[in-house]
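Quick one: dock chain against chain with the hints and give me the complex.
Those sequence lines, one after another, are chains A and B.
Mapping of the first sequence onto our numbering: residues 9 to 387, in sequence order.
Mapping of the second sequence onto our numbering: residues 799 to 1060, in sequence order.
No false leads were slipped in.
Dumping the calculated SDA-like pairs for lysine to any residue here, alpha-carbon to alpha-carbon at most 20 Å:
#	chain 1	residue 1	chain 2	residue 2
1	B	Lys828	A	Arg27
2	B	Lys951	B	Pro969
3	B	Lys1058	B	Val1037
4	B	Lys995	A	Asp67
5	A	Lys274	B	Arg1032
6	B	Lys996	A	Glu17
7	A	Lys274	B	Glu1031
8	A	Lys274	B	Arg816
9	B	Lys814	A	Gly271
10	B	Lys1036	A	Gly280
11	B	Lys995	A	Glu23
12	B	Lys978	A	Arg27
13	B	Lys996	A	Ser15
14	B	Lys995	B	Tyr985
15	A	Lys274	B	Glu812
16	B	Lys828	A	Glu23
17	B	Lys989	A	Arg22
18	B	Lys995	A	Gln18
It should be emphasised that the hints constitute simulated quantities derived from the structure, not laboratory data.
Predicted model only: the values in this text are computed from it and were never measured.
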Amino acid sequence: MFNPSLSDEQQALRELARRFARNEIAPIAAEADRIEEYPWDLVEKAHAIGLINVTVPEDCGGAGLGYFEDCLIAEELAAGCAGVYSSFVASTLGLTPLNIAASPEQMERLMKPFCAEPALAAFCLTEPGAGSDVSSVRTRARRDGDSYFLNGTKRFITNGGVARLYTVTATLDPELRHRGLVVLVVPSGSPGLTVGKKEEKMGQRAGDTREVIFEDVRVPVENLLGEEGDGFRLVMQTLDKIRAEVAAAAVGVARAAMEAALGYAKEREQFGRTIASFQAIQFKLADMAIKVEASRLLVWQAAWLADQGLRNSYESAIAKCFAADSAMEITTEAVQIFGGYGYVKEYPVEKYMRDAKLLQIYEGTNEIQRLVIARSMLK
Amino acid sequence: MNIVICVKQVPDTETKIRVKDGQVDHSETKYVVNPYDEYAIEEGLRIKERMGEGTITLVSMGPERAKDALKSGLAVGAEEAIHLTDEAFEGSDPYATALILSKALQKLDYDIIFCGKQGVDEDHAQVGIILSELLDIPHVSVVTKLEISDDGKSILAHREVEGGHEVVEAPLPAVITAQKGLNEPRYASIKGIMAVKKKVIPEWNAEEIGVETTSVGLEAAKVSFVEVSLPPERESGKVFAEDPVQDAIKVAHLLRDEAKIL
Chain A
9 MFNPSLSDEQ
19 QALRELARRF
29 ARNEIAPIAA
39 EADRIEEYPW
49 DLVEKAHAIG
59 LINVTVPEDC
69 GGAGLGYFED
79 CLIAEELAAG
89 CAGVYSSFVA
99 STLGLTPLNI
109 AASPEQMERL
119 MKPFCAEPAL
129 AAFCLTEPGA
139 GSDVSSVRTR
149 ARRDGDSYFL
159 NGTKRFITNG
169 GVARLYTVTA
179 TLDPELRHRG
189 LVVLVVPSGS
199 PGLTVGKKEE
209 KMGQRAGDTR
219 EVIFEDVRVP
229 VENLLGEEGD
239 GFRLVMQTLD
249 KIRAEVAAAA
259 VGVARAAMEA
269 ALGYAKEREQ
279 FGRTIASFQA
289 IQFKLADMAI
299 KVEASRLLVW
309 QAAWLADQGL
319 RNSYESAIAK
329 CFAADSAMEI
339 TTEAVQIFGG
349 YGYVKEYPVE
359 KYMRDAKLLQ
369 IYEGTNEIQR
379 LVIARSMLK
Chain B
799 MNIVICVKQV
809 PDTETKIRVK
819 DGQVDHSETK
829 YVVNPYDEYA
839 IEEGLRIKER
849 MGEGTITLVS
859 MGPERAKDAL
869 KSGLAVGAEE
879 AIHLTDEAFE
889 GSDPYATALI
899 LSKALQKLDY
909 DIIFCGKQGV
919 DEDHAQVGII
929 LSELLDIPHV
939 SVVTKLEISD
949 DGKSILAHRE
959 VEGGHEVVEA
969 PLPAVITAQK
979 GLNEPRYASI
989 KGIMAVKKKV
999 IPEWNAEEIG
1009 VETTSVGLEA
1019 AKVSFVEVSL
1029 PPERESGKVF
1039 AEDPVQDAIK
1049 VAHLLRDEAK
1059 IL
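Isolated chain B (complex conformation) (with noise of 0.2 Å):
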């Protein structure tokens, strides 16, 4: 079974956001792999472990920097890794994201295609579906459960629905957006460490998959940011000390006057 997995390089989390100039301001940032991305790719890793065969293929689109990501996860257990990079992508919306890595995955075999439900720095939450429409195959986005059928051709899969489950079959080869919940993503191994050194991660530029420059990247951009903000910041609370029976009458008046929320 071949099975691609779509990876990004975020912000860490616990990386603490900066606004400069309008923008994010990036200068001390720390890239980690998406989160979400790692439940997809122990999600293929343990396919092919079931199954007893398989390549795992991962595919980033990204700066220089990006390649870390790909280390990562050839650290754990991919056998391969595409870096997709040019000037010409950077700046690219998640349609543009989605438009260059269908272009890449129509040069690869691929049974099974595993992203991340979002990126953790955006939020979009749409490359993944929007590449499904691209190659023209199913997707089941937001999976929690995954089982592959005896003959390796369907999926049944559990998604996230507000207040429940719902149990998805599709055909392969369709696009997994990974949850939460999906596995619990094993550590790379000392050895895999090491090994990364051996391996080689090929650049795939806009000519090489045959992506028209001007149809990624900033100016191809259907959405734009408009501004960026950090959020309020909180307002320091507020003590009731006095009197209970008083305290709590007072309370209940500005909870439904002034936070509007009884």
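Bound conformation, chain A alone (with noise of 0.2 Å):
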């Protein structure tokens, strides 16, 4: 049954992700925003205490956690930096195909030497003209021998520049649509793999996002993940895996703007008084209370489920639409709670504002979740 109190391990972990978010995230996060850089040795920090690669298997050098603990710990990485927090999530996107499809001899060879080191994967999936439309994907996987060779371009792919590993939706035929789809794993240097230009971005602004260009990029027939045509269920059971993170990470984003605003609201004094005894304002905590709450225990559920092994597309997408809405609402209000100072660099969160509307986007826009939600409901 779903039980919404913390064991001991899971308040540890959260209390630890607290302090790192705290300590190491928020005070560079301004300056990565300002100037487009994105943190290393965060990386290197967070990869030596366990805090990034949190969902794989322990024998192949992750933390063995579920989607629960790891949703726990996005949501305090998030409140940190999203910028900083979107490259973690996007290289636990890039291997969750790993985990699911790879057999022991994959993980072993692929997933086992990258966890070993401070790195970051990538999920190649978007293109300039797929996205939402997976089954558009045209980058194609060409068949020759014991080789596959790619070609294509990928678009807005988070840690382009940057992944040690590539996951890379292409197809083997246009013409098949979703059953024509293919996962491949693409190691970093692979002579044709080059990235574009970095995305000057309106928010989440640490964060490494480019064009992925693959130009004749041999890949071995091993890095296929499952069978030919597997590419569409295992692209779809992958982001209903990641969605209650991305959700999660939302929930982060919100609280941090909601406690920045409280802070603020208690502090400010107007006509006397501080501006936190107006109840012009004190509706609107408590709006944002209301919303992060209910946001989390939404969370909380569509990661419970996906730990279970059940499906949680339904729940999931619920949770992802809701806690984004609900961030960038939180956020635009605690810019308004803030005045003229909110919408000014010197106070973080007009960041914040910016970073969440990314939210409503990535990781199936919300539009999409509505969709996901309305067809189980018409089912």
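What follows is the structure, encoded as structure tokens:
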């Protein structure tokens, strides 16, 4: 039965992630956002204590934790900086197809060395003409003997320029639509793999988002995950598993904005009293708390289902949609509570607002999530 | 090398302190490992890593919740933890606390004992020193740097003193109380946290360690709290913004006559 009380270990994990976010991530968040540079030493520090590769099995060098624990950590780290955190979740996203479909030999050969060192992975799905519509992938995988040759361009790839491992969705034949998809594991440095210029983003600017270009990149057939034609199902399962974590990150951003707004409202005085004493501000704060608490419970429910091995497409879509929309609303209201100070970069809330916007867009737009929810209702 | 570290659980420094019925109200307090004890634990871990061998045992006296402090220490890498707990221990002052710790320590092998230099709750800064007296071994307090001799038989400790540093040599076993600056405590690891679940933390009561219940606890305390109060609220500042010259004269007068700091 779903039980929203945390065990001692879960509380300790959350406390560790919170401490790491407060001491290591939050202090550099504004600067990383300003200079758009990925703070690589954070990957090294997070790797050393096991805050990345959290869901990878222990015998492959991960922490072997469930998606529920993963979500506890996600909320804390994203509260420190969503841009930094998105790199971590994008890496988990890149590794999830291996977690689901890799053979023991593939785990040993591909996952184990990856986890042994501080490294990030990238999930290469989106293309100039394919995103929400997965079956429109045009990157070709041409089989020739015991190799595939990859050709195509991936768009908006988080960790594009810094990843050590790319999990690439490609098609054997576009005519086959979703039945023609494969997922291949491509190590960085493969001849023909190049990256485009870094995207200048509105928010989550610390993250490294780029085009990844494949020109006759040879990939041995041993790097195919599952069977030919399994790609579509594998991508969908991967997105289902990760959706709750993205929603958890939204809770983190929202909570950070709420805490900042609460602190400011108790300090800022107007008309001889703190603005927190005005009902107009109190209602805003209360609405924030309602949304944060509700989002978190939706996240926990979706993650718990994933850990039970139960299908959670409907619940995780609701969690992602509600948490990301809530994060957008809460961060916007936080800027409002800060007034003029909220609009300038001296305070963190304008960054929270810019960061939150991406949460409604990536990992399946909130529109796609609503389609998933409605289809499930109308089925 | 057998390293024993005394750990205290204290209210998080971010806790808002409230006074109710003449006592600190802890109903909403969140507890953490005493920050100075974190330096002590870290130093123990570093010694063990440097020497390539050793066992780290944590000892904490306190109510049931003190187990969480021991678990935190286990999660960063200590091997064992012992919880000294008994209703009779409640309300112990620094002397009684040191007495309880000393009795427990007599049941253990130790080459070096670490304490934080003080608990950040009541700030007595006495337990480590009294403990060394009761065990009849040397102590070095407020240590910011520590070296252990190659043969593992003595230490060279740098300690903070007014306006400078003192370098002290002492034979082992000895009690060291850790000051900020001794090291930078590491984070727990996820593996460490998950491994804590499998560890058993034995509980030792008064009988187990052979301490008379009449010599510890609130009744036996040599120190008692007469009154607990919050610091007075800071009064709002005065603003002088009329004439710079006249204001400066006024401020000088006030600093001399009222604040009495000139």
